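**Q** Assemble the complex: chain A is given as a structure, and chain B must be docked to it using the hints.
First to last, the sequence lines map onto chains A and B. Residue 213 in my numbering sits at position 213 of the first sequence, with consecutive numbering throughout. Residue 696 in my numbering sits at position 81 of the second sequence, with consecutive numbering throughout.
Honestly, the hints are just simulated from the structure, not real lab data. Computed from a predicted structure; not experimentally measured. Note that the Cβ used here is the ideal one computed from N, Cα and C, for glycine as well. A few of these clues could be false.
[Unchecked claim] Partner residues are not named here, just some residues of chain B that face chain A (Cβ under 7 Å, in silico):
#	residue
1	R683
2	Y695
3	F703
4	L706
5	E713
6	V714
7	A719
8	P720
9	R812
[Claimed, not checked] Selected chain A positions facing chain B (Cβ under 7 Å, derived; list incomplete):
#	residue
10	Q7
11	T166
12	T170
13	A174
14	M181
15	L185
16	V187
17	E253
This is what each chain is made of:
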Amino acid sequence: MENLVLQALSGLASASSLFLVASGLTVIFGVSRIVNFAHGSFYMLGAYLAWTFVTTLPRGHLGFWGGVLAAALLVGLIGVVVEVLLLRRIYRAPELFQLLATFGVVLIVQDLALLTWGAQDLLGPRAPGLRGGTEIFGMRFPDYELFLIGVGPVVLGLLVLLFRYTRWGTLVRAATQDREMVGALGVNQRMLFTSVFFLGAFLAGLGGALQLPRESVNLHMDLAIIAEAFVVVVVGGLGSLTGAALAALLIGELHAFGILVLPKITLVLVFLVMAVVLVVRPHGLMGKATGPAHGGAGGAEPVIGPAPRPLVHLGIAALVAALVLPPFAGDYALSVLTEIAIFILFAASLHLIMGPGGMASFGHAAYFGLGAYGAALAAKWLAAPMELGLAIAPFAAGLFGLIFGWFCVRLSGVYSAMLTLAFAQIAWSVTFQWVEVTGGDNGILGVWPEPWAAPKLVYYYLTLALCLGATLLLRRIIHAPFGYALRAQRDSALRAEAIGIDAFRIRWLAFALAAVMAGIAGGLFAYAKGSVFPTFLGIPRSVDALLMVLLGGVQTLSGPIIGALAFTGLQEQLVRITDLWRLILGLVIVALVLFFPQGLAGAARARWEARRGDA
Amino acid sequence: MLRISGLAAHYGRAHILDDVALEVGPGEVVVLLGRNGAGKSTTMKAIMGLVPPSAGSIRFLGREIAGREPFEIARLGLGYVPEERRIFSELTVMENLEVGRRSAPPGMAPWTPERLFALFPSLGGMRDRPGGRMSGGEQQMLTIARTLMGNPRLVLLDEPSEGLAPVVVERMAEAIGVLKAEGLSILLSEQNLHFARAVSDRATIIEKGRIRWSGTIPDLMAAEEVREQYLSV
Numbered sequence: 001m002e003n004l005v006l007q008a009l010s011g012l013a014s015a016s017s018l019f020l021v022a023s024g025l026t027v028i029f030g031v032s033r034i035v036n037f038a039h040g041s042f043y044m045l046g047a048y049l050a051w052t053f054v055t056t057l058p059r060g061h062l063g064f065w066g067g068v069l070a071a072a073l074l075v076g077l078i079g080v081v082v083e084v085l086l087l088r089r090i091y092r093a094p095e096l097f098q099l100l101a102t103f104g105v106v107l108i109v110q111d112l113a114l115l116t117w118g119a120q121d122l123l124g125p126r127a128p129g130l131r132g133g134t135e136i137f138g139m140r141f142p143d144y145e146l147f148l149i150g151v152g153p154v155v156l157g158l159l160v161l162l163f164r165y166t167r168w169g170t171l172v173r174a175a176t177q178d179r180e181m182v183g184a185l186g187v188n189q190r191m192l193f194t195s196v197f198f199l200g201a202f203l204a205g206l207g208g209a210l211q212l213p214r215e216s217v218n219l220h221m222d223l224a225i226i227a228e229a230f231v232v233v234v235v236g237g238l239g240s241l242t243g244a245a246l247a248a249l250l251i252g253e254l255h256a257f258g259i260l261v262l263p264k265i266t267l268v269l270v271f272l273v274m275a276v277v278l279v280v281r282p283h284g285l286m287g288k289a290t291g292p293a294h295g296g297a298g299g300a301e302p303v304i305g306p307a308p309r310p311l312v313h314l315g316i317a318a319l320v321a322a323l324v325l326p327p328f329a330g331d332y333a334l335s336v337l338t339e340i341a342i343f344i345l346f347a348a349s350l351h352l353i354m355g356p357g358g359m360a361s362f363g364h365a366a367y368f369g370l371g372a373y374g375a376a377l378a379a380k381w382l383a384a385p386m387e388l389g390l391a392i393a394p395f396a397a398g399l400f401g402l403i404f405g406w407f408c409v410r411l412s413g414v415y416s417a418m419l420t421l422a423f424a425q426i427a428w429s430v431t432f433q434w435v436e437v438t439g440g441d442n443g444i445l446g447v448w449p450e451p452w453a454a455p456k457l458v459y460y461y462l463t464l465a466l467c468l469g470a471t472l473l474l475r476r477i478i479h480a481p482f483g484y485a486l487r488a489q490r491d492s493a494l495r496a497e498a499i500g501i502d503a504f505r506i507r508w509l510a511f512a513l514a515a516v517m518a519g520i521a522g523g524l525f526a527y528a529k530g531s532v533f534p535t536f537l538g539i540p541r542s543v544d545a546l547l548m549v550l551l552g553g554v555q556t557l558s559g560p561i562i563g564a565l566a567f568t569g570l571q572e573q574l575v576r577i578t579d580l581w582r583l584i585l586g587l588v589i590v591a592l593v594l595f596f597p598q599g600l601a602g603a604a605r606a607r608w609e610a611r612r613g614d615a
Numbered sequence: 616m617l618r619i620s621g622l623a624a625h626y627g628r629a630h631i632l633d634d635v636a637l638e639v640g641p642g643e644v645v646v647l648l649g650r651n652g653a654g655k656s657t658t659m660k661a662i663m664g665l666v667p668p669s670a671g672s673i674r675f676l677g678r679e680i681a682g683r684e685p686f687e688i689a690r691l692g693l694g695y696v697p698e699e700r701r702i703f704s705e706l707t708v709m710e711n712l713e714v715g716r717r718s719a720p721p722g723m724a725p726w727t728p729e730r731l732f733a734l735f736p737s738l739g740g741m742r743d744r745p746g747g748r749m750s751g752g753e754q755q756m757l758t759i760a761r762t763l764m765g766n767p768r769l770v771l772l773d774e775p776s777e778g779l780a781p782v783v784v785e786r787m788a789e790a791i792g793v794l795k796a797e798g799l800s801i802l803l804s805e806q807n808l809h810f811a812r813a814v815s816d817r818a819t820i821i822e823k824g825r826i827r828w829s830g831t832i833p834d835l836m837a838a839e840e841v842r843e844q845y846l847s848v
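Looking at chain A on its own, in the form it has when it is part of the complex (with noise of 0.2 Å):
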């Protein structure tokens, strides 16, 4: 009893820090309609700001406080550079383009945070006054955690109070609902916004810098907090503060009452929850459904058309060279073209769901990462061969797509988004969490071709021979009329309904059918590295397909293809040039996101139609 006394009083604590982080990323959220995934980002260098002013600035209550509030106040700062030279050139592109940028400024952060603050982890000192512990049912609680269980309910009421009685708190609820009629009543936007990004900022660097004295300072802290925090909000609905708040309370005492009866299954539970709110209330809990946030109607998609023949011939002139180079290549260049091949597969496989399809996946890496492990967990336990682990992949993968696409495609935008986020999520908990089965963090080795497919070169042809197929399948069932049903509900649901297509059939089945395309390039990749890990369907993962579509351009058939060509490329030789890639690879993303905002092949497109108008 006493146990769960203070198990419950844990859970508070937590949930108070999750909630400053998620009340910042929903404030955001309710005015930009930006997904700021470097919400996370602005929390670590809380955190480390927080380090660096409490650790030299003289001992005592002013040192500590005083250093959290600045490294707070300066997190605020940032997220307003961040705003101005950044976001607001954005606001009006898609979503998905929105999230890709700030996405751009987590690799920045995480680089520019290992140079100024090294790789290895930093302890902060303990809260001057809150070091001891009061007694409670007869166990010591830490005071700090009772003070953090304080901390939530204060910035709650202040932030109630300050959006209900201020002006400033008026405007910003009237730009969340209809922000061109409130410029249109004379309020400057973009001090609006700009101010808005400052609290929400303050409010995660906040959170960041009051974990000083309860963990570890290191550089896994912005992805890991953002995980959490989106479910937050998601789970809260987007916008809501009361909702983020008692999302906060559940998710903490999730945890705390999780690790005490099912340890095993923590990380699952946490996006089990969430999946099971957006399915009974699509909305999250205390969410409304939001119009478009771009004033404007989104415009009709481009067609898609044949070809021109440059892009043919360039095309032919690509798969001859793939074809007719490779035994002239080294070992090291075969293992990258096997995995270009894969990746552009992958990404094609991602671009059916986006691009015809209209629907965006954060976690299309589950898929990929479930054929590999189909694979890996059929030779490993049924001791099956290649042939046979890389017919089972495509298998796993479809399977877990059919059931979790089911769910997902049923909400539209970033609710989708992040039911299929929360998903991989959990497929990555499961392969992380359950050791017995799939080794845990340590993966699952020894996954070797065939002896005849051993050789790299032998193997290449091989993945060649699939991916090629798979991805020219991909782009015949696009021009098919399964494609034209798929493209017509994407831009009008209800016309395409009224004339009987069953949009959420065609949806499913897209997904389904993208999953089982992710798996056959996943089952490729297990036996092009031998070993199978929880990396493979990371959230990185998933951004790294995201970042090869967006990079090529979503509305484009080739653009996949380029995306991965170039993104796999980029990466490739900047890990090979410097240690710093994350660095220049976040540069790249943003100034893509700034200056090509269709993409690579969109940009290649939008130029030859200018020059064939000229003409």
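**A** Below, chain B without anything else, positioned relative to chain A:
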């Protein structure tokens, strides 16, 4: 006060407005008449900067405002009442008014909630009601009141009578009369000729994005063939 010449606007490649010219003098009520889709709302939006004008000049109080941002234009003293009303449905009546509040230019008696409740008495009884829980007529009054809180010198009123019950339209006409008596200039857009002639001094007819006719209300009432050609349904 407001002088527009050669105004053009596009949505993509489609011409929406072409060579639009208009003038509104101090204290004058001018009505922009035309059928659905003739370009009335787009003209209003272009003046307000919500649709970027692609050519032409919009001078307000002697200053060029074409190409400026909506909030800057609003701050110069131009009020905009959109056709769709666009009430902040989750904000109360008082909060909706607060969003519109700006200080008055010197020499002008500022609008206060109390004065506005005198103009629209039904709003005074529902100060704390959320905008989403009001009738269409009440919302229309609130959206005008919200714009007046910015103490504009000229108001763009986009189809204020649309979708309202005849009794409410009468009340709206009375309110516009009061505003005119206060010295406010108004550019009104309307399809309802009956309502328009009751409140306006002059009329301008727009059709397919071009100005087809301009003149006083008595002239318009005399020119039956003009009404026949551009306004009859």
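**Q** For each hint, tell me whether it holds in the structure or not.
**A** These are the hints, each one checked on the structure:
no. : hint : in the structure
1   : R683 : violated, 12 Å
2   : Y695 : holds, 5 Å
3   : F703 : holds, 5 Å
4   : L706 : holds, 6 Å
5   : E713 : holds, 5 Å
6   : V714 : holds, 5 Å
7   : A719 : violated, 12 Å
8   : P720 : violated, 13 Å
9   : R812 : violated, 28 Å
10  : Q7   : violated, 38 Å
11  : T166 : violated, 10 Å
12  : T170 : holds, 5 Å
13  : A174 : holds, 5 Å
14  : M181 : holds, 5 Å
15  : L185 : holds, 5 Å
16  : V187 : holds, 6 Å
17  : E253 : violated, 30 Å
When the structure is compared with the earlier hints, violations turn up for hints 1, 7, 8, 9, 10, 11 and 17 and for no others.
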